[in-house]
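Enquirer: So you can see what is in the structure, the chains are spelled out below.
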Amino acid sequence: MKKPLVGLLILVLFQWLGEWGVKVLGLNIPGQLLGMILLLILLSLNKSLLPWLETTSSQLIRFIALLFVPITTGAFFLGPVVFEQLPQILAVLIISTLLAQWFMALIINKLRSWNERDT
Amino acid sequence: MTEIILYQWMLISGTSWPLLLTLAGFAVAWWAYIRSDRASLLHPLMIATPLIYLSMQVIDLDFAAYYSGNGVLNWLLGPATVALAVPLSQQLRQLPAMFKPLTVALVLGGLFATLSALILVKLFDLSDIVLLSLAAKSVTSPIALSIVEQIGGLTSLLAVATMITGLAGIVMAKSIFHFTQLEDERWQGLILGVTAHAIGTAKAFESSPRCGAFATLGMGINGILTAIVLPASIGFFVA
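Protein chains in written order, with my numbering: chain A, 1 to 119; chain B, 120 to 358.
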């Protein structure tokens, strides 16, 4: 019981650090993200905090869908302006995902053939 | 600093009984999802949210009351974003060996995923609020949410858009890999992570731990890059 709580405390501390840092430095990025980057830098330099964070972070990520239930339920209340555009929104999401996957696969195939030529 | 702590406290202390509604809806959804052997289209959010919406209609609960009653869950989204650093730090060790091709594929792929969506929104002549809400759709949801909050989109629309993007991504990826003859599971993982974020990453882990590791890397770095580039450049797309 102690480890997950300490893990959560570390995460919250880094979140605050990020939000505070963004404000003080006047950065145009989300505060939580700066917190994540700071923790990432710390963990790459020194792994001693890792055992404290493992349980909390893997459980939070595993059940992240639960955290998104309230916000996603809000989609039913978005109102007619958004609902009228729904078919186009769906098309945008599906087509752009398809294009991005196809584009990435092409780049990767190109990069690999260049690599083979070099070696 | 005190404002930040007060704001966090406000989020937690708002929690009340509508949290039970969320937990019950999610429990039913999770049960169905596991029972169906994790069928993509039975994603927990796809089942839980309509169930909760219908219950709200029956007991006559409005969204504002429901949402503020779930304070602790909304509050946890912050720590959950920071928590992404843990799996990412474990996968970063893979990076040096393939640094150059990996970086090129990641940066171009991530850029293309966002840019193609923004251009399509313009082509379909959709409103600016939709553009701001869809901009981060291929980024993992906790990071996407903080980006959209920052640029002023609708968070509920973003949440649905990321879910649909992830599901569409894992459904289409198989045919794309087949069509382009991309068989290396490391690269398949990277594509799943960049274009279909956490849903794609979960799918990649079903293939193999290696595939999942590259998906984690793709998802994490794409999230960081988008969060840095998008808020600074989105002004270019809105009138």
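Don't read these hints as lab results, they were simulated from the structure.
In this text, a Cβ means the ideal position worked out from N, Cα and C, and glycines have one as well.
Don't take each hint at face value.
Claimed, not checked - Some chain B residues close to chain A (C-beta under 7 Å, calculated; not the full set):
no.	residue
1	Leu214
2	Met217
3	Thr284
Stated by the list, open to error - For each label pair, taking beta carbons as the anchor points, the in silico distance ranges come out as:
no.	chain 1	residue 1	chain 2	residue 2	range
4	B	Thr134	A	Pro87	25 to 31 Å
5	B	Thr134	A	Ser58	34 to 40 Å
6	A	Lys2	B	Ser155	32 to 38 Å
7	A	Leu42	B	Thr134	29 to 35 Å
8	A	Gln88	B	His297	27 to 33 Å
9	A	Asn28	B	Gln300	18 to 24 Å
10	A	Leu5	B	Ser352	38 to 44 Å
11	B	Thr134	A	Arg62	19 to 25 Å
12	B	Thr121	A	Gly79	34 to 40 Å
13	A	Ser113	B	Ile124	52 to 58 Å
Claimed, not checked - Derived lysine-lysine pairs resembling DSS-like cross-links, with alpha carbons at most 30 Å apart:
no.	chain 1	residue 1	chain 2	residue 2
14	B	Lys219	B	Lys293
15	B	Lys293	A	Lys47
16	B	Lys241	A	Lys47
17	A	Lys2	B	Lys293
18	A	Lys110	A	Lys47
19	B	Lys241	B	Lys293
20	A	Lys23	A	Lys47
21	A	Lys2	A	Lys47
Enquirer: With reference to the structure, classify each hint as holding or not holding.
Expert: Here is how each hint holds up against the structure:
1. Leu214: This hint is violated: Leu214/B lies away from chain A, its Cβ roughly 10 Å from the closest one there, beyond 7 Å.
2. Met217: violated, 9 Å
3. Thr284: Nearest chain A Cβ about 5 Å off; hint holds.
4. Thr134/B / Pro87/A: 25 to 31 Å: With Cβ atoms ~37 Å apart, the hint is violated.
5. Thr134/B / Ser58/A: 34 to 40 Å: violated, 24 Å
6. Lys2/A / Ser155/B: 32 to 38 Å: holds, 37 Å
7. Leu42/A / Thr134/B: 29 to 35 Å: holds, 30 Å
8. Gln88/A / His297/B: 27 to 33 Å: holds, 29 Å
9. Asn28/A / Gln300/B: 18 to 24 Å: violated, 41 Å
10. Leu5/A / Ser352/B: 38 to 44 Å: holds, 40 Å
11. Thr134/B / Arg62/A: 19 to 25 Å: Distance hint for Thr134/B, Arg62/A holds at roughly 21 Å.
12. Thr121/B / Gly79/A: 34 to 40 Å: The hinted range 34 to 40 Å holds for Thr121/B and Gly79/A, with Cβ atoms some 36 Å apart.
13. Ser113/A / Ile124/B: 52 to 58 Å: Holds, at about 54 Å.
14. Lys219/B / Lys293/B: Holds. Lys219/B to Lys293/B sits at ~25 Å (cutoff 30 Å).
15. Lys293/B / Lys47/A: violated, 36 Å
16. Lys241/B / Lys47/A: Measuring from Cα to Cα gives roughly 46 Å; hence the hint is violated.
17. Lys2/A / Lys293/B: Status violated; Cα separation ~43 Å.
18. Lys110/A / Lys47/A: Since the Cα atoms of Lys110/A and Lys47/A sit roughly 36 Å apart, the hinted pair is violated (cutoff 30 Å).
19. Lys241/B / Lys293/B: holds, 29 Å
20. Lys23/A / Lys47/A: holds, 28 Å
21. Lys2/A / Lys47/A: Distance ~19 Å between Lys2/A and Lys47/A Cα, so the pair holds.
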